[in-house]
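Student: Take a look at the letters that make up each chain.
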Amino acid sequence: MALLYGLIWRLLLALVRIKRATVSWLRVRLRTWKGRFWQRTMAALLLPVPVSEFKQKKAGADQSSDGDRDGKGAGSRRSRWLSDGISLEKLPVHIGLVVAEEELSYTDIANMVVWCMAVGVSYVSVYDHHGIFQKNNSWLQEEIVRQQHNLLGGDDSTFNMELLKNGTDKPQHFVVSCRPVVKVLSPEDGKHSIVQAARKLCHSVEKKEWSSKDISVSMLDVLLRESKNIPDPELVVKFGPVNSTLGFLPWHIRLTEFVSLPSHKNVSYEDLFGSLQRYSACHQRLGQ
Amino acid sequence: MSWIREGELNLLEKISANILMSGPMPKHVAFIMDGNRRFARKKKLERHDGHMQGFNKLAETLRWCKHLNIPEVTVYAFSIENFKRSKEEVDGLLDLARQKFERLLEEQENLEKHGVCIRVLGDLNMLPLDLQQVIAKAVVMTKNHNKCFLNVCFAYTSRYEITNAVREMAWGVEQGLIKASDVSEALLSECLYSNNSPNPDLLIRTSGEVRLSDFLLWQTSHSCLVFQSVLWPEYSFWNLCEAIVQYQLNHKSIQKARELHREEQALQQLEADCACIAEHLQHQGNGKPADAQRRQEALQHYTVTREERVQDFLQALKHKRDTFFTNLCSETVLT
Numbered sequence: 001m002a003l004l005y006g007l008i009w010r011l012l013l014a015l016v017r018i019k020r021a022t023v024s025w026l027r028v029r030l031r032t033w034k035g036r037f038w039q040r041t042m043a044a045l046l047l048p049v050p051v052s053e054f055k056q057k058k059a060g061a062d063q064s065s066d067g068d069r070d071g072k073g074a075g076s077r078r079s080r081w082l083s084d085g086i087s088l089e090k091l092p093v094h095i096g097l098v099v100a101e102e103e104l105s106y107t108d109i110a111n112m113v114v115w116c117m118a119v120g121v122s123y124v125s126v127y128d129h130h131g132i133f134q135k136n137n138s139w140l141q142e143e144i145v146r147q148q149h150n151l152l153g154g155d156d157s158t159f160n161m162e163l164l165k166n167g168t169d170k171p172q173h174f175v176v177s178c179r180p181v182v183k184v185l186s187p188e189d190g191k192h193s194i195v196q197a198a199r200k201l202c203h204s205v206e207k208k209e210w211s212s213k214d215i216s217v218s219m220l221d222v223l224l225r226e227s228k229n230i231p232d233p234e235l236v237v238k239f240g241p242v243n244s245t246l247g248f249l250p251w252h253i254r255l256t257e258f259v260s261l262p263s264h265k266n267v268s269y270e271d272l273f274g275s276l277q278r279y280s281a282c283h284q285r286l287g288q
Numbered sequence: 001m002s003w004i005r006e007g008e009l010n011l012l013e014k015i016s017a018n019i020l021m022s023g024p025m026p027k028h029v030a031f032i033m034d035g036n037r038r039f040a041r042k043k044k045l046e047r048h049d050g051h052m053q054g055f056n057k058l059a060e061t062l063r064w065c066k067h068l069n070i071p072e073v074t075v076y077a078f079s080i081e082n083f084k085r086s087k088e089e090v091d092g093l094l095d096l097a098r099q100k101f102e103r104l105l106e107e108q109e110n111l112e113k114h115g116v117c118i119r120v121l122g123d124l125n126m127l128p129l130d131l132q133q134v135i136a137k138a139v140v141m142t143k144n145h146n147k148c149f150l151n152v153c154f155a156y157t158s159r160y161e162i163t164n165a166v167r168e169m170a171w172g173v174e175q176g177l178i179k180a181s182d183v184s185e186a187l188l189s190e191c192l193y194s195n196n197s198p199n200p201d202l203l204i205r206t207s208g209e210v211r212l213s214d215f216l217l218w219q220t221s222h223s224c225l226v227f228q229s230v231l232w233p234e235y236s237f238w239n240l241c242e243a244i245v246q247y248q249l250n251h252k253s254i255q256k257a258r259e260l261h262r263e264e265q266a267l268q269q270l271e272a273d274c275a276c277i278a279e280h281l282q283h284q285g286n287g288k289p290a291d292a293q294r295r296q297e298a299l300q301h302y303t304v305t306r307e308e309r310v311q312d313f314l315q316a317l318k319h320k321r322d323t324f325f326t327n328l329c330s331e332t333v334l335t
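Protein sequences, first through last, are from chains A and B. Heads up, the first sequence is in the UniProt record's numbering, so the first residue is 1 and it goes up one at a time. Heads up, the second sequence is in the UniProt record's numbering, so the first residue is 1 and it goes up one at a time.
Keep in mind the hints are simulated off the structure, nothing from the lab. C-beta: ideal position from N, C-alpha, C; glycine also. Nothing false has been slipped in among the hints.
With a cut-off of at most 30 Å between alpha-carbon atoms, the simulated DSS-like pairs for lysine-lysine come out as follows:
(1) B:44 <-> B:100
(2) B:179 <-> A:213
(3) A:90 <-> B:42
Here are some chain A residues the structure puts well away from chain B; computed CB gaps all over 10 Å:
(4) 138
(5) 141
(6) 153
(7) 229
Build the full structure now, drawing on both the sequences and the hints.
Tutor: Have a look at this one:
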């Protein structure tokens, strides 16, 4: 009997996996069908501008097009993204991209970072639980700059960003006035940083600067904020089949909304914007 | 209504349970029982009745968990943030809790039969004294039971819990039991309210909200999170099964991530120990570098003494917490 149950269980799990794979496959398929459909309609209506825009959008995803360099398409795209951002009822100040997949694609992450900023998000953090993005921080930086050029055109004066690695390091490269900040985080920034803050507090108790009774939630919060210098993420978009935060900033995700996408590979702007729309629609009661 | 429901699963449920149980099962499930008020609104009931139905659903869920061989359940009953609600509702919730814990005391025999151990996680000092006493009685009465465990988070938020753990460690430093350099991830985990439980394998939140709302942030960093849209009073056996299937799909990758995290944690501990030793040796040898063998010996010695220190501190902490509960109980005897 136990054998039979085991067999049925395996079958059940296989079925669920197949269902999941089909859904995510259909998602991609439907998107391209829809894209083609629109492209044809537009072509039929003989509207040259939107058609060229479409080509560029596709090219942007493939990152290999000459038409992409022309500033006009990039400009209209940028204003479309910006107006998308304005159209939302609320926009997160800080968005976390958590990749729970084994294979990482720098280009797709860079695309998303650029989209987030184009929509008007001020802080973007990128996380994987192996800390690979953090190790290859400079690679990711280069990719972001490249995608910024590809997607937003040559004129990047409005979208300069400050790339920080770990709170402790000095800002690297091109820090120009502008606000958007990209943070590359690893598990070290999670529990480990809470432990460090705790150790710091205990040291000052050891030196009799504080009494143990003085320690409060806000005190710890201030300490943890100092080392990161970023607000709590309001939205985390998690990529991959694993339903877990995998150690992403435990202290900071108190009120974070989680949105799950099947994969970060070939992720489209619409996927990301869908997550932002979901965030914009939710209402928090804060205990009340 | 009682906390413990008797009764078997029906045939279909039993078969499904058996099928599920041939896969890896979560040992510890945490619930955010959200949606009681929305349920009341939907059914045009009083808010209070919504909460009441929510409690009944908890009793039923505990029965399902028992049949599914899930030995430990943690529930978010009352957050510190909930004190912000209207006085009427807060009083209603506290009354409900009082009533339910009193009821629990009457069920002693049944609890003993099933071996149910009840723990309450949170800062009891925030509650009215009489409620504190009833809770303490229930906790002390069931503390030696060891078949199933129910952790009720009451006057709880995770940030508060972590801060309290830091406060306890600072207390240990003040008492001279540990040094500030002994503070580590493992020690912090041991100082949390949940120190007696393994981390939850599965966290379920109902009513379609997709956030943790300050619940077990530390403990669920490598747990499977399942968000379900059903309102808590409408939660069914099949919803629970669905969540468990989700867990089973994630099981392997989460296990791997946990393993990775454990390795990192051990490495960090070793690094911290080495740093302490380096400082110590430099101090001793007047700045001369020590040879490898001496360093190795010193490291071993240091690790052993650190572990002893930490164990003593944890003993003291446990004693402090136990005394808090027994004192509360004896106060009731006096009055």
